[in-house]
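Those protein sequence lines, which keep their order, are chains D and U. Going by the numbering used here, the first sequence opens with residue 6, and the numbers climb by one from there. Going by the numbering used here, the second sequence opens with residue -5, and the numbers climb by one from there.
Keep in mind the hints are simulated off the structure, nothing from the lab. Warning: the hint list may mix true and false statements.
Stated by the list, open to error - Only pairs whose alpha carbons sit at most 25 Å apart, straight line, appear in this in silico SDA-like list of lysine to any residue: (1) U/Lys143 <-> D/Val26; (2) D/Lys198 <-> D/Leu275; (3) U/Lys174 <-> D/Arg53; (4) D/Lys196 <-> D/Asn158; (5) U/Lys55 <-> D/Leu57.
The structure presented is a predicted model; accordingly, all values stated were derived computationally and were not measured.
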Amino acid sequence: MEDIKAYIETGILELYVLGDVTPNEKIEVEEMALKHPAIKAELDEIERSMELYAKENAVEPSEHLRGRILGSILTNFGDDNNFPEKPHPAQNNIIALPAPKQNNFYKYAFAASLALLVSSSVALVSVYSRLQQSNGQLVALQLQNQHFTNRVNLMDRELSIFRDPSFKLLKLQGTAKTPASVVTLAFSPTKKKVMIDMSNVKLPQNDSNHQYQLWALVGGKPVDLGVFDAKADSTDMKEMKSIALADAFAVTLEPKGGSVNPTMDQMVVLGKF
Amino acid sequence: MSKKHKISLSEDELILSLRNHEKIAIEALYDMYSASLYGVISRIVIDTAIAEDVLQETFVKIWHSFSSYSSEKGRLFTWMVNIARNLAIDKIRSKDFKNQNKNQEIENNVTFIDEQNNTVYKPELMGVKDLVQTLKPEQKSIIDLVYFKGYTHVEAADELGIPLGTIKTRLRMGIQQLRKHFN
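Work out the full structure: start from the sequences and follow the hints.
Okay, structure coming up:
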């Protein structure tokens, strides 16, 4: 009881009625008034006297103000009556929106595109390397093909020469100096052609300063028919200078480019008809 | 000016009809309290036109926010006079108002208003003389500053150059005097 008296005497209740308290003090006073009838009674007394004091100090507003103020409120009042149902509290108008659907489509589409890009790149690289490989193989095959074609052509030529009845085959045998040497040539007097079958040339390989030279012996005189090299891998029929008539053929080793007259002691093969 | 038939209801009846948004309620409210509220408003807002606007805003606010009033927490008038005082103070503190330069020094105000309105003496104010005798001038000035002018007791202490404790005491003693007087 003493506490309540002391509380009243702080003057807080007066300040409360005068609207001069903080929000916290306001709540405190209202709670105290609710708990203690004595405080409530005291408050009521203060309020009542302040209300009367205000009445004592009242100032009558001008007459026209009554109509204006009531009119402004009752205009709205009419509106209110047109809507007997009070507008629903705003809360009721708030419809919870469905949680936005997680649309992952673009996310996945993007990821898929990336994966596709990566795998395409890998595939492209591997396809490219295989293409290179195939191209290499193709080139190799073409080369091989050409090689065979050449070979077939050569053989065709050889064959045509061997079949040609006008060609006579002559084996030039090695001389005493080089008994193992053999050179096979074909001679067609009618076509005035002399061919050396290079695949059957069996001569010591000439060095870079010397070449073999073919000679035809016509009436005992040597006639130059051209030079050739003796190589292990020669395959074709080499056509030499033309001549219509020959008694014999011989090959000598001459300085590179050939000589005007054969060096007789360098004769390696000789063959006569 | 004849005071036609002013509507008057008991506070409980008034509160009930206000709660039901009855037309008669706002009329009764105006007739019963407009002068008391305007007394407070017109002491804070000196310009008559603006004070009248504030009175209108006060009634509109009372009407629309009546659901927030609880009779358990106090008398209806206490609630309403706080609304009126706050709207009036908001008005004179607003930029518009300051620009108009229509506010006056506080010291002059109380007498200024009373001079302005001394033609409207009313029968119920017959007791004022006694009241002035009961209330010491230093008590009255503090009550008026806080109740009518919207000063906080801290501001009033500043304004009058009196310690806070003294302000509180004088305020309480003054109101005690009022209580005695009205009883």
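State the violated hints by number, sorted upward, taking the hints as numbered earlier in the document. none
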